[in-house]
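Novice: Construct all of the structure, not just a fragment, from the sequences and the given hints.
If you read the sequences in order, they're chains A and B. When we follow our numbering, the leftmost residue of the first sequence carries the number 200, and every step to the right adds one. When we follow our numbering, the leftmost residue of the second sequence carries the number 4, and every step to the right adds one.
The hints are all genuine.
So the derived list for chain B, only partly shown, Cβ under 10 Å to chain A, looks like this:
1. S29
2. E52
3. N108
4. G133
5. S149
Simulated from the structure, these hints should not be mistaken for laboratory data. Using N, Cα and C, we set each Cβ at its ideal position, and we do this for glycine too.
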Amino acid sequence: MIPPLNDMQLDALRELANIASGTAATALSQMLGREVELNVPRALALPLADAVDACGPPEAEVSGVVFPIDGDLEALVLLLIPAEHAHALCAMLGVEAGTDVGDSALCEIGNILGTSYLNGLAAMTGLALLPSPPTLKSDMLAAIVSSLLAATSGIDDLALVLDSELDVSGEACSISFLLLPTVGQIDGLLAPLGLAG
Amino acid sequence: MASVRMGEIAVSRDPAEELVALGLGSCIGLTILDRGAGVAGLAHVVLPESQPGAGPAGKFADLAIPELIRLLHSVGAVDRRFETVLVGGARMFEMSGGLDIGARNEAAVRAALSHYRISVRAAETGGNMGRTVRVFVGAGIVTCRSGGTSAVTLLQGRSAGRSEAQPAAAAAAGARANLAGVPRGRR
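Specialist: Written out as structure tokens, the structure reads:
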């Protein structure tokens with residue numbers, strides 16, 4: 200079993216998420232030519248079932264862009280966009296949601312934002328983070344999140360979720376960023392900060 | 004309504020109860036009913052195999068099935084009347100090198116069931132879509148819904164005459180099921 204994280208470790212992880220998603224917010228703002236607000240991130244170490252609940256209503260229709268990270272840290276980065284917000288985002292980009300072009304645009308947004316997020320994370324920690332190409336899936340929130348947590352959690356019933364939210368000003372458009380480290384890899388994030396358990 | 008989340012198991016003999024696993028992806032929602040006793044159980048299985056020191060029993064196929072059977076027995080269910088429905092086991096993401104946990108989950112659940120000589124009555128598994136399974140305990144109905152569609156019935160309600168369970172309670176639960184937009188079972 201892995202030991203639970205203490206408050207200082209969770210604070211440090213929250214700060215990591217804050218800086219990483221700040222980098223992503225800047226990228227999104229430049230891409231859309233609009234202001235983007237960044238909500239205070241959450242760092243949650245929870246049993247799997249609670250971690251899924253913390254992400255939102257289980258049956259909510261969302262678009263998820265996921266990419267696996269290798270290198271010094273094994274993790275998944277997941278961008279969650281509520282279905283109606285994905286429509287708004289596509290409209291801002293001048294493409295139609297639900298079409299191949301719309302899907303490809305969402306995937307590309309995910310790619311750019313995810314890479315910015317990782318750059319922020321890498322700059323803070325000095326870790327070499329190697330992203331694989333993103334995959335887009337639109338379905339029920341819980342189906343997406345639980346399947347990814349099943350893959351990252353291993354035998355432990357604990358998920359670490361770093362969650363930050365970007366809001367595009369003046370639009371009903373928000374994007375949640377989730378970093379899901381493979382269990383056993385959390386120390387890899389904390390060690391560069393001098394906080395490994 | 005009792006929400007059965009990742010790694011959880013619930014059993015009930017309350018005719019008004021509804022057991023639900025919302026948004027199953029690669030996980031399996033395993034339902035076992037003994038409609039003669041008016042009992043139903045639902046396990047939300049996450050992974051095929053446990054290891055020593057592993058988390059809750061409901062998370063792993065090899066531990067979840069004996070635990071579900073034990074809990075069903077404790078509320079009066081009898082093996083020979085078991086009816087089983089499998090939902091889930093999807094492959095949500097096509098990731099290079101990613102293992103298909105959904106398919107492995109389904110294989111492990113089926114293997115464990117056959118070890119206990121339990122056959123599968125109905126299944127809605129595989130593919131690449133999320134699913135919600137609902138079990139109406141009193142009516143003995145099991146439904147499945149995937150994203151953006153309406154629910155389909157995988158296990159119809161009990162037929163009259165074959166059952167000795169309380170008709171009033173079953174009818175009440177059936178009415179509840181109708182309210183939820185679920186097709187009425189044969190009566």
